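Chains A and B, in that order, are what the protein sequence lines are.
According to numbering that gives the first Met the number 0, the stretch in the first sequence is residues 0 to 265, in order.
According to numbering that gives the first Met the number 0, the stretch in the second sequence is residues 0 to 258, in order.
Simulated from the structure, these hints should not be mistaken for laboratory data.
None of these values were measured; they are calculated from a predicted model.
Hints should not be assumed to be uniformly reliable.
As the list claims (entries may be wrong) - Here's a subset of chain A near chain B, in silico, CB distances under 8 angstroms, partners left out: (1) 16; (2) 19; (3) 22; (4) 26; (5) 27; (6) 36; (7) 39; (8) 92; (9) 94; (10) 96; (11) 141; (12) 171; (13) 215; (14) 248.
What the hints assert, rightly or not - Cβ-to-Cβ under 7 angstroms is the rule here; a few derived chain A residues that face chain B: (15) 104; (16) 120; (17) 218.
Unchecked claim - Each computed DSS-like pair below joins lysine-lysine, with the alpha-carbon atoms no more than 27 angstroms apart: (18) B:171 - A:234; (19) A:179 - A:95; (20) A:174 - A:93; (21) B:171 - B:86; (22) A:42 - B:115; (23) A:174 - A:95.
C-beta: ideal position from N, C-alpha, C; glycine also.
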Amino acid sequence: MVNKKNTIFSNLIFWLVIIFLYFPVLILAFYSFTDASMLGQSKHFSLDNYVTLFTESTLTSMMVSTLVLAMVVSVISTLLGTVGAVSVYYSGNKVKGFVDFTNQIPVVNADVVTGFSVCILLIVFCKMDKATCIPLVLALTTLCTPFVYLSVYPRLLQMDDSLFEAALDLGCNKKQAFFKVVIPQISGGIINGFLTAVTLSLDDYFITTYTKPASFDTISTYVVNATRGAQTEIKTALWALSTVIFLFVIAFVVFTNMGDRHEILE
Amino acid sequence: MNNKNTLSTYYVLPYIIFSVLFILLPLFVVLYYGFTDRTGHLSLANFIHFFTNSRTIGTFFYSVVIAFLTTLFCLLLAYPIAYILAKGVYRGRHSFLLVFVLPMWINFTLRVTALKEILTYFEGNIAMHPFFNTIICMVYDFLPFMILPIFNSIVKLDDSLIEAGYDLGATKFQTFVKVIIPLTIPGIVSGVTMVFLPAMTNYVVLDMVYNSTYIMGSLIGSYFSSYDWNNGSIISAVLLIVIGLMTIISNHLINNKKW
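With the rest of the complex left out, here is chain A:
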């Protein structure tokens, strides 16, 4: 009797939380296809929000900036993190201990502190110009690189070292052995690391605010400013943006799950 009650209770939480997580996004998606400016208003079907989203110059430029920034940061972090993981794997324990320690810092640190401290170092202390975007890219890279490292390193531990030796014995030079034997075995970790870096930089607000040039906006900084301004046309265009992202995420998840069920969870 008690068991049954517990199961019903847990299941209730389970489904209520699913509704809690998806209801706002779905309702907004529904209203994004109407001409309503508030939820609950009587409405007619309209694609105006989508037209605004892809024509209004401040909106299109902030979307492009967000994507370009995320790509640049993720590529740099993936290269640095992968080189770091591989080189630390082949180094002594002292190096490994040091890197294990420093890697934890951006992971556990509050983003506000990471962003503010890099801003203090580069912009206040080194007097670097924000307008160059260099502080922004460096700060986000600082956040993302340890995550790449942490997703590549476990793959190296799973790797069979004798394969690398075998490649050398069979006449490969070290470079060939590295690219043809080591890299393919850790590619899953590299891809996961890259995706984590993309997600982190797309989602970031704090690090971006503290290091970005004044006129530069990403989705996060734009949305936060827009909610203060409350210009209706922009507000409802952001509903359309949230819907586009939601559909894209679902498509991505379905696509990768068809490809390989296990990869995405690891």
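Keeping the supplied structure of chain A fixed, place chain B upon it in accordance with the hints.
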């Protein structure tokens, strides 16, 4: 074994240089600014100001309360969900886990905007229930970060230990409290660390639903806007101390698995 050294150790330099320059150095610079005054002289004024000014110290305790409640509600919701996903009817069906993880990939400001619209619809004026709305939005934002680590630790839990609990006469409740909870402490601890700190500092959620109040993050934000690097740094330094303490406590809890 000597093969480990076949790639020259000098490849490790870029990563070491990166770690020193961009991870360690900024923290030292923040400490330096936190403990000096505007003219660059060593001073404890900022530090003392933080603990004696009612606004800053009040903000600190207020953040702790917000973070504590957010973490508590996330934990209460996440545990049953993680348990069902790992051991219940959805066991082994990883697509259900994805249902809970997927919202993490939508930009958090857009998600909070969506929830804010819903709350506005139901409450009329959301300024009437600022505290309640803040907690709801924070839980909405951070819940997936609590589910994932708890799920990972429940999945690893050996079923035979639970069965042993029953066989030895424990009730369902006793088994849960004395077997399942202690064995999933590492997951709970890492979930708590992933939620507590962001909840103490994520002032954007608060800004969007609750325009008037401050948490620790907003202090840094306001000192940043007024170019007050020294006081901004001392807030960062205080947060670093909190983070350091939490890391030490959580490492201790995770490594001491024998209860």
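Holds or violated: is the Cβ of residue 215 of chain A closer than 8 angstroms to a Cβ in chain B?
-> With a closest approach of 16 angstroms, the residue 215 of chain A hint is violated.
Hint check: is the beta carbon of residue 92 of chain A less than 8 angstroms from a beta carbon of chain B?
-> Hint on residue 92 of chain A: violated, closest Cβ of chain B at ~11 angstroms, above 8 angstroms.
Interface restraint verdict for residue 22 of chain A against chain B (beta-carbon cut-off 8 angstroms) = holds, 7 angstroms
Cut-off 8 angstroms, beta-carbon criterion: hint that residue 171 of chain A touches chain B | Violated - the Cβ of residue 171 of chain A stays beyond 8 angstroms from chain B, reaching only about 11 angstroms at its closest.
Interface hint outcome for residue 104 of chain A [beta carbon to chain B under 7 angstroms] | Since chain B brings a Cβ to about 5 angstroms from residue 104 of chain A, closer than 7 angstroms, the hint holds.
Closer than 8 angstroms between Cβ atoms is the bar; does residue 94 of chain A clear it against chain B? Give me holds or violated.
-> Result: holds, 6 angstroms to nearest chain B Cβ.
Was the hint right that residue 19 of chain A lines chain B, CB cutoff 8 angstroms?
-> Residue 19 of chain A check passes; min Cβ-Cβ to chain B is 7 angstroms, inside 8 angstroms.
Holds or violated: residue 141 of chain A as interface residue toward chain B, Cβ cutoff 8 angstroms?
-> holds, 4 angstroms
Decide if the proposed pair is consistent with the structure: residue 42 of chain A and residue 115 of chain B, CA atoms, cutoff 27 angstroms inclusive.
-> Given that 27 angstroms is the threshold and the Cα spacing comes to 20 angstroms, the pair holds.
Against chain B, run the beta carbon of residue 27 of chain A and see if the smallest gap drops under 8 angstroms.
-> holds, 5 angstroms
Agreement of residue 171 of chain B and residue 86 of chain B with the hint, judged by alpha carbon distance not exceeding 27 angstroms = holds, 14 angstroms
Would you check the hint for residue 179 of chain A and residue 95 of chain A, treating anything up to 27 angstroms between C-alpha atoms as holding?
-> holds, 25 angstroms
Hint compliance for this structure: hints 6, 8, 10, 12, 13 and 18 are not met, and every other hint is.
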